[in-house]
Amino acid sequence: MEYTTKRLKHCDLIQVSGRIDSQTSQELEKVFEAIIEEARFKIVVDMSDVEFISSAGLRLLINAQKTCKRLDRGEVVLANVPKRIYSAFDLAGFVPLFRIEKDVVEAVGSF
Amino acid sequence: MEYTTKRLKHCDLIQVSGRIDSQTSQELEKVFEAIIEEARFKIVVDMSDVEFISSAGLRLLINAQKTCKRLDRGEVVLANVPKRIYSAFDLAGFVPLFRIEKDVVEAVGSF
Amino acid sequence: MDFPKTETFPGAGSSLEAINTFVTEAAQAIGLDEDAIFGVQLAVEEACDNIIEHAYAGASKGDIECSCDIVTDGLKIVLRDSGRPFDPESVPKPDLDSPLEERDIGGLGLHFIKNLMDEVRFEFFPGSGNVLTMVKRKTPAG
Amino acid sequence: MDFPKTETFPGAGSSLEAINTFVTEAAQAIGLDEDAIFGVQLAVEEACDNIIEHAYAGASKGDIECSCDIVTDGLKIVLRDSGRPFDPESVPKPDLDSPLEERDIGGLGLHFIKNLMDEVRFEFFPGSGNVLTMVKRKTPAG
Ligand SMILES: Nc1ncnc2c1ncn2[C@@H]1O[C@H](COP(=O)(O)OP(=O)(O)O)[C@@H](O)[C@H]1O
Ligand SMILES: Nc1ncnc2c1ncn2[C@@H]1O[C@H](COP(=O)(O)OP(=O)(O)O)[C@@H](O)[C@H]1O
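Chains as they are written, first to last, in the working numbering: chain F, 1495 to 1605; chain A, 1495 to 1605; chain U, 306 to 447; chain E, 306 to 447.
Just so you know, these hints were derived from the structure itself, not from any lab.
Keep in mind that the hints are not guaranteed to be accurate.
A partial selection of chain F residues facing chain A, derived with a Cβ cut-off under 8 Å [stated by the list, open to error]: (1) Y1497; (2) L1502; (3) L1507; (4) V1599; (5) F1605.
Using N, Cα and C, we set each Cβ at its ideal position, and we do this for glycine too.
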């Protein structure tokens, strides 16, 4: 897994690539924590280059979503979700729990 | 010239492709006017697919910039400016008059 | 590629990618389509996560042996571990639809495995350990 | 491609793309590099805009005749129109650096033409009209 982050005016963008599995989700969790610790709760995750996600990765995302949505202070929005990755979200019953945008511009522009 | 527009939360995005010349800049001017008429003055122009711009096109952009920047209510920000198009801006002395961002996400995320 | 093929991996997170590659190559050789391959990858990943996290948790860790074989219209994958016995019947169904705040996210692994594979069988053999047998069949053409 | 080549276009905005294509093909045939071609395109565009907007403005409109020829190390372009005479000396230099609110954006066309072409000559012949001769030389290699 690799990632880059970008601080924008109204949100933070995380671009993730590769595998989000039980190993790498711990590293990705730290990325979310670093953003959330600065009291920034609007996060866009660009999933376009995510090749694989297991339930461990899904668990990380749902936990981040719970934290960000608390007190209506923000939200994790997903962008460019590949078909396979979407099907894992679907199987987990997670589709209704995330706003999923077509591209990063829509997602960033929604905050 | 072809264009698409997208209403985002804090700004409007215009994606332009083709030639911005003395013919087509009138059409593009209407696009800016329609946005500005709704009291929206933060506009991102995605220039990635602009193939040609003449002084007529530059004039349109500078006029839109004047309108948007008045009273500090907004700004026209350019994104993905191709090298050739940039050189026309440069020759016109327009580079200092526009914020030019690397990509649309940066530009949209800056508002 | 000759079947069956078997490989043994250390029961640790660092093996996940190698196991994934191993089963993917078998699934491709047998001619599963892309969707089926993705299902195999995810099911095997979840099964290995569980072996590492639950079967071997705390105890001295062991290996994961992975075998791939051709069966009628599909691929059979057998995962063996020497960890503590596991009875999947004891695991409650996952929560797939409560609202975000109440969503309990345990149990997804087994849910994935059962949904993505066409046959799933958990067995425990005292002395040797757990055997998880999974079959993924080719999607009928047309 | 044989030089000189000449083509006549209606003096209207709808001719701009065709004129652009015409000079681009000549510039490519002569072997100008991409930057030089872009300069030619922009200069010719500005010159034609001026003919349409100023030389033919209000009066009965005429044509734009465009000729391309090879000269030492470059391309010569001649644009002829039958509109009103034009003396470029009468045009003040453009404003290239005042702040946005005060920026006057007239005069950019001539500024572009003079900066992008290596030689520029405006002539007026009573009875026939304006002749604008522009030369773009190849950028020296290396
Ligand atoms: N291979 C295994 N060995 C022992 N216990 C297991 C094994 N797989 C699953 N379990 C038990 O079943 C529960 C549900 O597993 P699973 O569906 O993968 O969800 P999760 O691991 O996310 O809780 C686990 O919490 C664990 O208690
Ligand atoms: N071909 C022409 N015929 C007549 N007048 C011209 C011609 N070209 C330019 N002009 C005059 O010179 C001025 C400056 O021209 P130019 O630099 O192209 O800028 P712009 O047309 O944007 O004002 C014009 O406003 C016009 O008055």
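Any CB of chain A closer than 8 Å to the CB of V1599/F? Holds - the Cβ of V1599/F comes within 8 Å of chain A, reaching about 5 Å at its closest.
Does L1507/F pass the interface hint, meaning its C-beta sits closer than 8 Å to a C-beta of chain A? 7 Å, holds
Is the interface hint satisfied for L1502/F? The criterion is a beta-carbon contact with chain A at less than 8 Å. Where the cut-off is 8 Å and the nearest Cβ of chain A is about 3 Å from L1502/F, the hint holds.
Given hint Y1497/F near chain A, where the shortest CB pair must fall under 8 Å: This interface hint is violated because 15 Å lies over the 8 Å limit.
Would you settle whether the hint for F1605/F is holds or violated, based on the nearest Cβ-Cβ distance to chain A being less than 8 Å? Because about 6 Å separates F1605/F from the closest Cβ in chain A, which is inside the 8 Å limit, the hint holds.
Figure legend: structure checked against the earlier numbered hints; the only hint not met is number 1.
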